[in-house]
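Peer 1: Sequence:
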Amino acid sequence: MQLFLSGSHTLTDYDKQEIQAYLEKFAPVNHIHLLCYKSIENEVLQFFLKKEHLAPRLSIYTFAPKECLPEPFLSAIDYLERLGSSYQSFGYFDTVIAKPTYEKFLAQIVSKMDLVCCFYNGDKPTDVIPVDVAKALDVQSMIYDLPKAKKHLLHRASSDKIKLVN
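Residue 166, in full-length UniProt numbering, is where the sequence shown stops; the numbers in between run on with no holes.
Treat the hints loosely; a few may be bogus.
Unchecked claim - Calculated pairs, EDC-like style, for lysine to aspartate or glutamate (alpha carbon to alpha carbon, straight line, at most 20 Å):
hint, residue 1, residue 2
1, LYS124, ASP13
2, LYS148, ASP138
3, LYS25, ASP145
4, LYS50, ASP13
5, LYS50, ASP94
6, LYS151, ASP123
7, LYS99, GLU81
8, LYS151, GLU52
9, LYS148, ASP123
Because the hints were derived from the structure by calculation, they are not lab data.
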């Protein structure tokens, strides 16, 4: 299954644990797609850097060309590519991206997905834009409710963490 992952950029330690647990379960049996832009890219890239054998199951997208990326992203993406991850740049150089432009690029990725999963901790409503794009394209999507600073929420059943959108 082709999974596009996105989510809140500002994460608590419990949020990070939840994302890691999800990746442990689903990365070995699915293909993960990640747009590196104010999302959960740090956690996802770290996961694949630790689990090198899963690198071929990762597709990475950026707005700017790779040579314009800051460290440590450049080195991480180069390394993951050598391990089998795929990489695509949209060749977009502006650092500020208007919502319609962001949605246009997202649509190019999301239209090829089986599922969009947005990890959300209530940080910013803009974090769920990928879900809106998926809904417009009739692609199944879900919002995965992160625990924020509440440790006991780590132990909820999956049905209590996931809200299917369409």
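Peer 1: All hints, please: hold or fail.
Peer 2: Cross-check of the supplied hints:
Distance hint between LYS124 and ASP13 is fulfilled; the C-alpha atoms sit about 18 Å from each other, no more than 20 Å. A threshold of 20 Å between alpha carbons decides the hint, and for LYS148 with ASP138 the separation of about 29 Å lies outside it, so the pair is violated. For the given pair, LYS25 sits about 17 Å from ASP145 by alpha-carbon distance, which is consistent with the 20 Å threshold. A distance of roughly 18 Å separates the Cα atoms of LYS50 and ASP13; the hinted pair therefore holds under the 20 Å criterion.
Between the alpha carbons of LYS50 and ASP94 the distance comes to roughly 31 Å, so the proposed pair goes past 20 Å and is violated. A hinted pair counts as satisfied when its Cα atoms are at most 20 Å apart, and LYS151 with ASP123 qualifies at roughly 17 Å. Distance hint between LYS99 and GLU81 is unfulfilled; the C-alpha atoms sit about 29 Å from each other, more than 20 Å. At roughly 29 Å between alpha-carbon atoms, LYS151 and GLU52 are farther apart than 20 Å, so this suggested pair is violated.
For the hint linking LYS148 to ASP123, the alpha-carbon distance of about 9 Å falls within 20 Å, and the restraint holds.
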